[in-house]
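These two chains come separately, so use the hints to put the complex back together.
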Amino acid sequence: KAGVTQTPRYLIKTRGQQVTLSCSPISGHRSVSWYQQTPGQGLQFLFEYFSETQRNKGNFPGRFSGRQFSNSRSEMNVSTLELGDSALYLCASSLDGQGNQPQHFGDGTRLSIL
Amino acid sequence: QKEVEQNSGPLSVPEGAIASLNCTYSDQGSQSFFWYRQYSGKSPELIMFIYSNGDKEDGRFTAQLNKASQYVSLLIRDSQPSDSATYLCAVIGGFQKLVFGTGTRLLVSP
Chain E
2 KAGVTQTPRY
12 LIKTRGQQVT
22 LSCSPISGHR
32 SVSWYQQTPG
42 QGLQFLFEYF
52 SETQRNKGNF
62 PGRFSGRQFS
72 NSRSEMNVST
82 LELGDSALYL
92 CASSLDGQGN
102 QPQHFGDGTR
112 LSIL
Chain S
2 QKEVEQNSGP
12 LSVPEGAIAS
22 LNCTYSDQGS
32 QSFFWYRQYS
42 GKSPELIMFI
52 YSNGDKEDGR
62 FTAQLNKASQ
72 YVSLLIRDSQ
82 PSDSATYLCA
92 VIGGFQKLVF
102 GTGTRLLVSP
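So the protein sequences, as listed, match chains E and S. Residue numbers for the first sequence follow my numbering, beginning at 2 and rising by one. Residue numbers for the second sequence follow my numbering, beginning at 2 and rising by one.
There's no promise every hint is true.
Unchecked claim - Restricting the straight-line Cα-Cα distance to at most 25 Å, the calculated cross-link-like pairs of lysine-lysine (DSS-like) are:
no.: 1; chain 1: S; residue 1: 57; chain 2: E; residue 2: 58
no.: 2; chain 1: S; residue 1: 3; chain 2: E; residue 2: 58
no.: 3; chain 1: S; residue 1: 98; chain 2: S; residue 2: 3
no.: 4; chain 1: S; residue 1: 98; chain 2: S; residue 2: 57
no.: 5; chain 1: S; residue 1: 68; chain 2: S; residue 2: 3
no.: 6; chain 1: E; residue 1: 14; chain 2: S; residue 2: 43
no.: 7; chain 1: S; residue 1: 57; chain 2: S; residue 2: 68
no.: 8; chain 1: S; residue 1: 98; chain 2: S; residue 2: 43
no.: 9; chain 1: S; residue 1: 68; chain 2: S; residue 2: 98
Unchecked claim - Some chain S residues flagged as far from chain E (calculated, every beta-carbon gap over 10 Å):
no.: 10; residue: 15
no.: 11; residue: 32
no.: 12; residue: 43
no.: 13; residue: 47
no.: 14; residue: 50
no.: 15; residue: 59
no.: 16; residue: 61
no.: 17; residue: 78
no.: 18; residue: 102
no.: 19; residue: 110
No lab work stands behind these hints: they were computed from the structure. Ideal Cβ positions, reconstructed from N, Cα and C, are used throughout, including at glycine.
Looking at chain S on its own, in the form it has when it is part of the complex (with noise of 0.2 Å):
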């Protein structure tokens, strides 16, 4: 079992409907969780970061996470086209290392 699993998708949203992305992670003892954003040809950016005690709320970003389920879920509010790429969810495992899914390619449709 990967440590760090996500759909690669793609996820096909409309504009304006809520995109929600889910990732699960085999570590129970992990505490912090990241998402970053990719577009295509370019680096992982951080959008938000939760730790084990409570959700989190940004903007149109919600990171929320499920302990007793051992996943992690990012909602976007307002999907826009700029929305579209490639996210990244990302558990502090073992020995403090980073440990990154393979990512779920989010589409929005105009």
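Next up, chain E with everything else stripped away, as it sits in the complex (with noise of 0.2 Å):
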């Protein structure tokens, strides 16, 4: 059974433009979680759909935004890129979602803002 996988691996960009990031879940989960790491902040929710809505949200700004296809493939999307911005971007998905339901992470999307 294949993993989560996220494209492209590493990005760079410059400050202002934006970014789309997409993640493909494993075969049979329907929940894509997106997640930001840095090493001061460590692992940040950034937000969570299920079936095509976003059933959750972190604490981030409007910039970040995200959907989600009618096949779970999810797509992130990063508008006025900042400096803070460089970090980790990681995709978890799960079957529903549920507290029960361990969530299984992508390789991630390095981003470098320049």
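Laid out in structure tokens, this is it:
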């Protein structure tokens, strides 16, 4: 069974640009969550999608947005990039996002802002 | 107070010893607890999860829950240098959100 697939693996952007990251969950998983990981802040929850609907949202500005498609694949978009957005962005999937279902992570997208 | 707290370490143990990692959580209603291992430059990998109904053992790993004191522990028996990594504790909090601690770095010396 294939794991969670994130593309691209690495991205370099400049301030003010926007970026779209993609995540394909494990087959059969319908919940997709996104996290930002930085050395200082650890893993911070961005949002969670289930059945094409955003079900949960973390404390990030509106520049961070996402969506989920009918095949459960998800995209995350960051607009007007700032230097502080440099981070590892991780996607995790689970069967239904309920508390008794573990989340499995993809390899992440490392975003660098110049 | 942070929702999930872990000592950042590093926790240094010799090869073959038992490594004990702890995390405390603030939400008394939490029912699900997860341990992830993250090697440097890699993504978190799920190694154990337990629910509020009991402890769990899987090979060299044992996860224990102390609900009264609101902490979860991970014991690694016969620690190996390959166990050297950062261990992240995660707890299901309000609205079914998974909340992570900042992780404990474990160093196992040969």
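Status of the hints after comparison with the structure:
1. Proposed proximity of residue 57 (chain S) and residue 58 (chain E) is contradicted: the alpha carbons are some 31 Å apart, above 25 Å.
2. Straight-line distance between C-alpha atoms of residue 3 (chain S) and residue 58 (chain E) comes to about 18 Å, which keeps the hinted pair within the 25 Å bound.
3. Restraint check for residue 98 (chain S) and residue 3 (chain S): satisfied, since their Cα atoms lie roughly 14 Å apart, inside the 25 Å limit.
4. At roughly 22 Å between alpha-carbon atoms, residue 98 (chain S) and residue 57 (chain S) fall within 25 Å of each other, so this suggested pair holds.
5. For the proposed pair residue 68 (chain S) and residue 3 (chain S), the alpha carbon gap of about 17 Å is at most 25 Å, so the pair holds.
6. Using a Cα cut-off of 25 Å, the hinted pair residue 14 (chain E) and residue 43 (chain S) holds, with the two alpha carbons roughly 21 Å apart.
7. Among the hinted pairs, residue 57 (chain S) with residue 68 (chain S) is consistent with the structure: their alpha-carbon atoms are about 14 Å apart, no more than 25 Å.
8. Proposed proximity of residue 98 (chain S) and residue 43 (chain S) is supported: the alpha carbons are some 22 Å apart, at most 25 Å.
9. Proposed proximity of residue 68 (chain S) and residue 98 (chain S) is supported: the alpha carbons are some 19 Å apart, at most 25 Å.
10. Non-interface call for residue 15 (chain S) relative to chain E: holds, since the shortest CB-CB distance, roughly 28 Å, exceeds 10 Å.
11. The claim that residue 32 (chain S) is not at the interface with chain E is violated, since a C-beta of that chain comes within 10 Å of its own (minimum 6 Å).
12. Its closest Cβ contact with chain E, about 7 Å, brings residue 43 (chain S) to no more than 10 Å, contrary to its assignment away from the interface.
13. Under the 10 Å C-beta cut-off, the non-interface status given to residue 47 (chain S) relative to chain E is violated; the minimum distance is some 5 Å.
14. Against chain E, the non-interface label of residue 50 (chain S) is violated: not every CB pair exceeds 10 Å, the least being about 5 Å.
15. With a closest Cβ-Cβ approach of about 13 Å to chain E, residue 59 (chain S) is found to remain outside the 10 Å limit, as its non-interface label requires.
16. Listed as outside the interface, residue 61 (chain S) is consistent with that label: its C-beta sits roughly 19 Å from the nearest C-beta of chain E, beyond the 10 Å cut-off.
17. Interface exclusion of residue 78 (chain S) from chain E stands, the closest Cβ pair being 22 Å apart, more than 10 Å.
18. The beta carbon of residue 102 (chain S) is not kept farther than 10 Å from every beta carbon of chain E, the shortest such distance being approximately 7 Å.
19. Every C-beta of chain E lies more than 10 Å from that of residue 110 (chain S), the closest at about 24 Å, which supports listing it as non-interface.
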